[in-house]
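Asks: Residues per chain, in single letters:
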Amino acid sequence: MNLHELPLHEASRLLGEGAVSSVELTRALLERIQAVEPRVRAFITPTPDLALSQARQSDERRARGQGRGPLDGLPLALKDIYSTRGVLTTCGSRILANYLPPYNATAVLRLAEAGFVLLGKLNMDEFAMGSSCENSAFFPTHNPWDLTRVPGGSSGGSAAALAAGMALGALGSDTGGSVRLPAAYCGVVGLKPTYGRISRYGLVAFASSLDVVGPMGKEVADVALLLQTLAGADPRDSTTPDVPVPDYRAALSGEIRGLRVGVPQEYFAAGIQPDVEAAVRAAILQLHEMGATLVDVSLPHTRYGVAAYYIIAPSEASANLARYDGVKYGLVAPGEDMWSTMERTREQGFGPEVKRRIMLGTYALSAGYYEAYYVKAQKVRTLIRRDFESAFARCDVLAAPTAPTTAFKLGEKVDDPVAMYLSDVFTITANAAGIPAVSLPCGFAGGLPVGLQLLGRPFDEATLLRAAHAYEQATPWHTYRPEL
Amino acid sequence: MAGLDQYEVVIGLEVHAQLLTDSKMYCPCSAQYAAAAPNTHVCPICLGLPGALPVINRKAVENTVLTGLALNCEIPPFAKFDRKNYPYPDLMKGYQISQYDAPLCVRGWLDCEVAGERRRVGITRVHLEEDVAKLLHVSERGESYSLIDVNRSGVPLMEIVSEPDIRSAEEARQYLVQLRAILRFLGVSSGNMEEGSFRCDANISLRPLGSDTLGAKVEVKNMNSFRAVFRAMEYEAVRQAEVLASGGRIEQETRGWLEAKGITVSQRSKEYAHDYRYFPEPDLPPLELAPSWVDDLRRRLPELPAAKLARLQEQYGLPAYDARLLTAEPGPAQYFDRLVATYPNAKVASNWITGELFRLLNASGKQIEESPIGPESLAELLTMVDRGEVSNSAAKVALEEMFASGQSAAAAVTAKGLAQISDESGLAAVVRQAIAANPQSAADYRAGKKQALGFLVGQVMRASQGKANPAVVNRLLAAELEKR
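Line by line, the protein sequences are chains H and Y.
Letter by letter, the first sequence follows residues 1 to 484 in my numbering.
Letter by letter, the second sequence follows residues 1 to 484 in my numbering.
Calculated from the structure, these hints are not laboratory results.
Virtual Cβ for every residue (Gly too), placed ideally from N, Cα, C.
Wrong hints could be hidden among the right ones.
What the hints assert, rightly or not - In silico BS3-like pairs for lysine-lysine, Cα to Cα no more than 25 Å straight-line:
| id | chain 1 | residue 1 | chain 2 | residue 2 |
| --- | --- | --- | --- | --- |
| 1 | Y | LYS449 | Y | LYS483 |
| 2 | Y | LYS134 | Y | LYS221 |
| 3 | H | LYS328 | Y | LYS221 |
| 4 | Y | LYS134 | Y | LYS59 |
| 5 | Y | LYS59 | H | LYS376 |
| 6 | Y | LYS347 | Y | LYS366 |
| 7 | Y | LYS366 | Y | LYS396 |
| 8 | Y | LYS80 | H | LYS379 |
| 9 | H | LYS328 | H | LYS355 |
Stated by the list, open to error - Computed beta-carbon distance windows for the label pairs:
| id | chain 1 | residue 1 | chain 2 | residue 2 | range |
| --- | --- | --- | --- | --- | --- |
| 10 | H | ALA97 | Y | PRO38 | 40 to 46 Å |
| 11 | H | PHE138 | Y | GLN267 | 52 to 58 Å |
| 12 | Y | HIS137 | H | ALA63 | 46 to 52 Å |
| 13 | H | ASN2 | Y | TYR86 | 39 to 45 Å |
| 14 | H | LEU14 | Y | LEU136 | 44 to 50 Å |
| 15 | Y | PRO38 | H | LEU14 | 49 to 55 Å |
| 16 | Y | GLN267 | H | PRO38 | 38 to 44 Å |
| 17 | Y | PRO38 | H | THR479 | 56 to 62 Å |
| 18 | Y | GLU219 | H | GLU113 | 49 to 55 Å |
Unchecked claim - According to the in silico footprint, chain Y covers these stretches of chain H (three or more CB under 8 Å from chain Y):
| id | region |
| --- | --- |
| 19 | 83–91 |
| 20 | 132–139 |
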């Protein structure tokens, strides 16, 4: 196997055994990036010099017997939404095209303390608003399985980099499905943890009550490894409760006998591509054959999820993006006075989808509409959460498709925002309820990856990853790679 | 005053007071920014950088609840923070984290005295928010621009809103004096209008006598002292009465007070409509205030100025004038309390504090908290006077010496040779000498001219360089003269 094809946990083991060095691994990945990146376009800011320097330092540490643990020396890439000190952080937007943060996100700090190597910052839909990576202000990323198709979004760069072998692990972020959807489209594993499991300090905010840090990898064990380092309360993030962090890797027992798997009928409703449904149903059957009990459940408020989300998220975003005014940092487009400078900067700096959502959100919060839209959407959210609570009284995880289709063609949905929004129909509810959910490959449809989504109880990533890992190890999907 | 006597003046006051906490409201930066160079007390949070998250300052919450308790407010068991959205360069995030519909304290009152009459003013609410950055407007060489100093951004601000219960400019002033005293006695704010730690906006309207509907109200801003508030309220009441008398209508608007001209002017500038689109702050959990926690805070309330004023008159029989001087500020009040703890003669204590001590403090520009003479030292001096060890006039000299040198009373008296001679055997000889040297006076006294004693007392005082105890001298002379 080529070094760039190694799963993260395998590379970690080899590094630990001294069978390979961090510099060797990093060089292999940099070479791979050179070879395929021009076609995939996953990176906004590659950081090869920094990576090699960090790799060298890691090897030196290890030689001195001062290795920092399983992530020490492992090359990862981060979605460009993470504040990285001294490294360009654009959020896929022109308005931050030259923004060099003076501080590191907690997630980045924890990975840094663990000794990771930064390969670069990855492409994304602008401010995480999008499902295809086509809303990046710079360029779209291409799906390594079919370069004419989208990788999904908004963490499109992260998923594509993993699938193309350009990083051994990655961070995305998930607000309405932005880790799981691209993971499904690109045939990799993407975890949306419980809201509050991982600190959001330094994760540039899109929708504050929905955003989470999302570890991604080629295999479930890779994601578990990343989660172990990232999880845990942070005094800098008041929305991270003091919940103990279990040993996620120890949870990967391969055993799912007696596991109760709920199958929500609303997630198999009309509109789902038949071969996608077939692959997901086969996966659920596989779980059953491995000893899990299948339980029919109903989540009746599923169909209101997209509508509620597209009120709440833009509302919070309209406030979160108010700071980009051409005064303090980022793009400045001067006008005759202060107000016209602000207007021009935002007009030039934001793309159409971002503007659309800012206007939607401002409207939904405005006097006379707040009760009818924002408050109503939050109430729907409570109902969605209660659906899950009832379901989890009768089962341990839920199984469903991640997306209604496989990856669509570049340009296919750009002119139809609502059609684009509907890609999120199966992923959005987990964000609304704050529960964890993971997408992992479960087959192919027309040569394109299909994602199986498992959803779990709050802070029960251990059970979720156990179920995902057991399925993964009993199937061949995680061994397939796109030909590039 | 065109018909003002036909109207009732209705005033409500809104005070913003900066809290004296160590750190800012939502970040650990120092809140003591007065002496700091611009933009040195800043961090990603108060700068509003992408990805930064707020954390609640516990002390600020405590101080606000303490203030509410001192203002007789109810403390609801549930409170939360909300985003108040509006664009301005001094508002770093483009929204202020404030409190909208679930403030910390509601429905209280404050008593003040206007022309000898007690007036009760309702307190609608007390809530907590953050201050904005400071703008410095520069005009030089034909260029006009503004500089932003972010040091003040995020400093905790308490907003105290009164009911429209105030009925005159004088009452407005007394309300502010009382409120400020309470805040200073609590130690939660320095309450300084000139320094900007205590700001006041007013809402004023007129209504015909006997009516209970409110007239169109005018908001008055830019009053920078209590006197300015008084003058602005007087001016505005007259202005509104004149408008009404001439058949006009009061415009509901914001007007600015111009101190130099003594008038208010309309501030109908091109402002964005004030729809703040409040929504609950998703980055901060709501607060649940346990009754036991509130009770603990209530127990920590110090004696408030109004109660102290009453007690000094009732318990110590101090005249109202003296009691007012001692309770206007927490410094003298605490000094007095400590003094009478060891020196129980309250009237004497009061006289010395408000007389001699205040004189020395004013002359040296010191606050009583910085007095080189502590209450215990003053007690010592006053006890020496009572014991006849030093005369009252000599004690004043001793006090000056104590103030200048920091010496104790005994040391200062000795150093300046101020000890009074009360020892009878010591004085007996001097008394007999004075009588012997002034036979005419002695004869006059014996003949019935009692005033002649005064001359003889003077002679003894001179002979003893003023150190003889005059009362003792009087007694000894009389006794000696009566012998013959």
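Asks: Look at each hint and say if it fits the structure.
Replies: Hints and how they fare:
1. LYS449(Y) / LYS483(Y): Satisfied, since the Cα-Cα distance of roughly 16 Å is no more than 25 Å.
2. LYS134(Y) / LYS221(Y): holds (17 Å)
3. LYS328(H) / LYS221(Y): Outside the cut-off at roughly 28 Å; violated.
4. LYS134(Y) / LYS59(Y): holds (24 Å)
5. LYS59(Y) / LYS376(H): Outside the cut-off at roughly 35 Å; violated.
6. LYS347(Y) / LYS366(Y): holds (24 Å)
7. LYS366(Y) / LYS396(Y): holds (18 Å)
8. LYS80(Y) / LYS379(H): holds (18 Å)
9. LYS328(H) / LYS355(H): holds (20 Å)
10. ALA97(H) / PRO38(Y): 40 to 46 Å: violated (28 Å)
11. PHE138(H) / GLN267(Y): 52 to 58 Å: Distance hint for PHE138(H), GLN267(Y) is violated at roughly 44 Å.
12. HIS137(Y) / ALA63(H): 46 to 52 Å: With Cβ atoms ~59 Å apart, the hint is violated.
13. ASN2(H) / TYR86(Y): 39 to 45 Å: violated (55 Å)
14. LEU14(H) / LEU136(Y): 44 to 50 Å: Hint violated: Cβ distance 59 Å, outside 44 to 50 Å.
15. PRO38(Y) / LEU14(H): 49 to 55 Å: Distance hint for PRO38(Y), LEU14(H) holds at roughly 53 Å.
16. GLN267(Y) / PRO38(H): 38 to 44 Å: violated (58 Å)
17. PRO38(Y) / THR479(H): 56 to 62 Å: With Cβ atoms ~59 Å apart, the hint holds.
18. GLU219(Y) / GLU113(H): 49 to 55 Å: holds (52 Å)
19. 83–91: With 3 residues in contact (Cβ-Cβ under 8 Å with chain Y), the coverage given for the region 83–91 of chain H holds.
20. 132–139: violated (count 0)
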